[in-house]
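These are the residues of each chain, in order.
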Amino acid sequence: MSHIKVKIKEKDLNTIKQICKSFNNEPKELINVLHKTQEHFGYLPAEIQEVVAQELNVPVAKVYGVVTFYSFFTMLPKGKHPVSICTGTACYVRGADNVLQEFKRQLGIEVGETTEDGEFSLSCLRCVGACGLAPVVLVGDKTYGRVAPDGVKAIIDEYKK
Amino acid sequence: MHLLVCGGTGCRASASDSIVESLKQELENKGLSDEVQVIMTGCFGFCEKGPIVKVLPDNTFYVEVKHEDAVEIVDEHVIKGRQVKRLLYQDPEKKQSISDSKHMDFYKKQIRIALRNCGFIDPENVDEYIGRDGYMALGKCINEMTPQDVIKEIKDSGLRGRGGGGFPTGLKWEIASKNNADQKYVVCNADEGDPGAFMDRSILEGDPHAVLEAMAICGYATNASKGLIYIRAEYPLAIKRLKIAIDQAREYGLLGKNIFGSDFEFDVELRYGAGAFVCGEETALIHSMEGLRGEPTIKPPYPAEKGYLGKPTNVNNVETFANIPVIINKGANWFNKIGTEKSKGTKVFALAGKINNVGLIEVPMGTTLREVIFEIGGGIKDGKKFKAVQTGGPSGGCLTEKHLDTPIDFDNLIAAGSMMGSGGMIVMDEDDCMVSVAKFYLDFTVEESCGKCSPCRIGNKRLYELLDQITQGKATMDDLQRLRNMCEVIKDTSLCGLGQTSPNPILSTLDNFWDEYVAHIKDHKCPAGQCKDLMKYVVIEENCVGCTACVRVCPVGAISGEKKQPHYIDPSNCIKCGACIERCKFDAIIVK
Ligand SMILES: Cc1cc2nc3c(=O)[nH]c(=O)nc-3n(C[C@H](O)[C@H](O)[C@H](O)COP(=O)(O)O)c2cc1C
Ligand code: SF4
Ligand code: FES
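First to last, the sequence lines map onto chains A and B. Under my numbering, residue 161 is the last one in the first sequence; the count climbs by one each step, no gaps. Under my numbering, residue 1592 is the last one in the second sequence; the count climbs by one each step, no gaps.
None of these hints come from the bench; they were simulated from the model. Using N, Cα and C, we set each Cβ at its ideal position, and we do this for glycine too. Incorrect hints may appear among the rest.
If the Cβ cut is set under 8 Å, some of the chain A residues that face chain B in the computed set are [claimed, not checked]:
(1) G65
(2) V66
(3) G88
(4) L125
(5) C131
(6) L133
(7) P149
(8) D150
Beyond 12 Å from chain B on every Cβ pair, some chain A residues (computed) [unchecked claim]:
(9) L13
(10) Q54
(11) H81
(12) T115
(13) D157
Make the full structure from the sequences, and use the hints.
In structure tokens:
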């Protein structure tokens, strides 16, 4: 899916340019620019990276190199309800893997993918700072603590239309 | 009267914001809003029993509070002056309730220096920080001390870096101060990459001004006028509170030009990480701040000579900084009386895993692992047997029963085959397979290796594959030798600290749990019963009453059978999740 094509609208093009300008089009601000851009669009497809490269006057390869280096940046759109499973050590020893497997099974997707209908996406993150509630799952901003595999369905159902 | 509600990430996940709202609402209903203040603080540390509400001045400590409890707290405690007994902490052994946190085993052995204000002040209000001697140390430095005096004080205190390496902080400052340049920088490393650790985050969320003040002191000592905090974008609450703190400090003239009427100037900006563990390494961190891929470079040159934008840069960890103002205020001789001979002061640990009291603790160096796990931590969950404790995260190792009485300090932990690391401490019980734990860390390292040097990029992947073979029962005894050799090579030849320490989880488990590795290889058995490829779920026909509970709970429909007849688990469908065992009331399902 990493080759999905997007067409950037005139309005969005201006937004990207504005963001770059707010950092004085400085190459050393690349990561900050990408943070702001991803905040706005939700993800960073190749076409957006090209515009950023042009504005900051750096090679597209450099922008791509940075985007792919950092796990916080994504080139794929997330689902409407992004599900993140904490796989930090505390959650791991309290059974996060079983919870992850169950989410994969119920949603029928792998980590890093989005369901066909665009509703759910699945990712892992490391320690959200709520180790007392391990294993922890986030759906959007909402945190679920002490999740067991047989509680996974109920969580997903909350977000099903 | 004050009602303090924990606003740490853990308690907020249990909706502590709605407790604040309910308390405020209830106070307003009763016309008490002016007399009683509700304050959202940073983390109290006792995350296991959160959300926590503390009442001042009588120090009553309520645990596991829900927003519905607000009415009772206001009616009973605030108005009638009677404690709400059912919300008090119950001592699990003495079976009595304890109302003041001072008397709880969890807090008794702790000394809070870095965490001194967490849970006491509103982190979004600079006046509260100032009310607890905040910015006094900065004033003292500027008005009464020369930069050399400050450096000497920090050197005499014996403070060593809390970010993992344990490098003497005073010495680091001295080196930075001696390198002349038109611009120097002070950097705070708030990347906190150890998965399962949340010390730095809690300090930033609970007491952001302490870090700002310390950075300014460091700027004064090293003659740097710019500070940068490199913080993970995954810490939105800490970022928000830091932003507020920076604005307030600027407004009060505590950051900016002419601080305390002197000609010293210092200001702080934030830089965001983007989810790469290796960026915690200081050279990688600096490259990341420059907008590049966060790849480490060979040291020397050290950041103190050539750092951010090629200028001398002093990098310290959040917790290291949090100790500074106290050292200046109370003096090096106060600080260096705490701790052991070569490790002074305290250390904050994020205690987690199979332990009763998960939370954030701060203990003097020299406290033993036994005290931490069994007294402060309240022992192992569900009455199980202690097996190992992992310190130092992906760079550290697993310590066992025989290390329990080792006093914790930088050197002892290294001698025992682990390391202090940044302060993650994960407790494991008899159900944890040590080969799998090593594999878990290697999985992490493989994902986080930046790929710049081949021993780490390729070697760790091979290590992971070997461990994977072992957990599947497909390895030979020769592989164990191969595993050990490869560990040594990777340690010796990797470019940065990540690769140089990544084999530690394997080496320490090989040393301490050799038999467990052998059991996987020779007997094709996982003694802890965790390696799925080595186990099979079966029904014991004599015990099965055919209640069908397991059929209903099995997520993949692998169990079949008639009502009131013994059931059968289809091994080709079974995903070995263990749900059926947990549900069965008749002990009719076992793992073979
Ligand atoms: C792979 C790797 C990851 C690191 N991660 C961190 C980190 O998350 N936080 C931190 O403060 N130091 C981290 N360090 C240590 C830093 O390189 C550096 O030593 C430290 O920030 C110096 O501060 P201190 O002297 O106050 O400890 C890491 C080092 C390595 C090799
Ligand atoms: S040791 Fe690993 S993380 Fe460090 S430079 Fe080499 S590849 Fe990168
Ligand atoms: S490890 Fe999952 S919240 Fe800390």
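Results of checking the hints against the structure:
1. Restraint check, G65 of chain A versus chain B: the minimum CB separation of about 6 Å is within 8 Å; hint holds.
2. Given the 8 Å rule on beta carbons, the hint for V66 of chain A holds: about 6 Å separates it from the nearest Cβ of chain B.
3. Annotation: interface hint on G88 of chain A holds; nearest CB of chain B at approximately 4 Å, less than 8 Å.
4. Annotation: interface hint on L125 of chain A holds; nearest CB of chain B at approximately 7 Å, less than 8 Å.
5. Interface restraint check: C131 of chain A against chain B, minimum CB-CB distance 4 Å, threshold 8 Å, status holds.
6. At a threshold of 8 Å, the smallest CB-CB gap from L133 of chain A to chain B is about 6 Å, leaving the interface hint in force.
7. Restraint check, P149 of chain A versus chain B: the minimum CB separation of about 5 Å is within 8 Å; hint holds.
8. At about 6 Å, the closest approach between the beta carbon of D150 of chain A and any beta carbon in chain B falls short of 8 Å, and the interface hint on this residue holds.
9. Every CB of chain B is more than 12 Å from the CB of L13 of chain A (nearest about 22 Å), matching its label as outside the interface.
10. In this structure Q54 of chain A is separated from chain B by more than 12 Å, as the shortest Cβ-Cβ distance comes to about 16 Å.
11. Under the 12 Å C-beta cut-off, the non-interface status given to H81 of chain A relative to chain B holds; the minimum distance is some 17 Å.
12. At the 12 Å boundary, the C-beta of T115 of chain A stays outside the reach of chain B, the nearest C-beta of that chain being 18 Å off.
13. The non-interface label for D157 of chain A is consistent with chain B: the shortest C-beta to C-beta separation is roughly 14 Å, beyond 12 Å.
Checked against the numbered hints given earlier, this structure breaks none of them.
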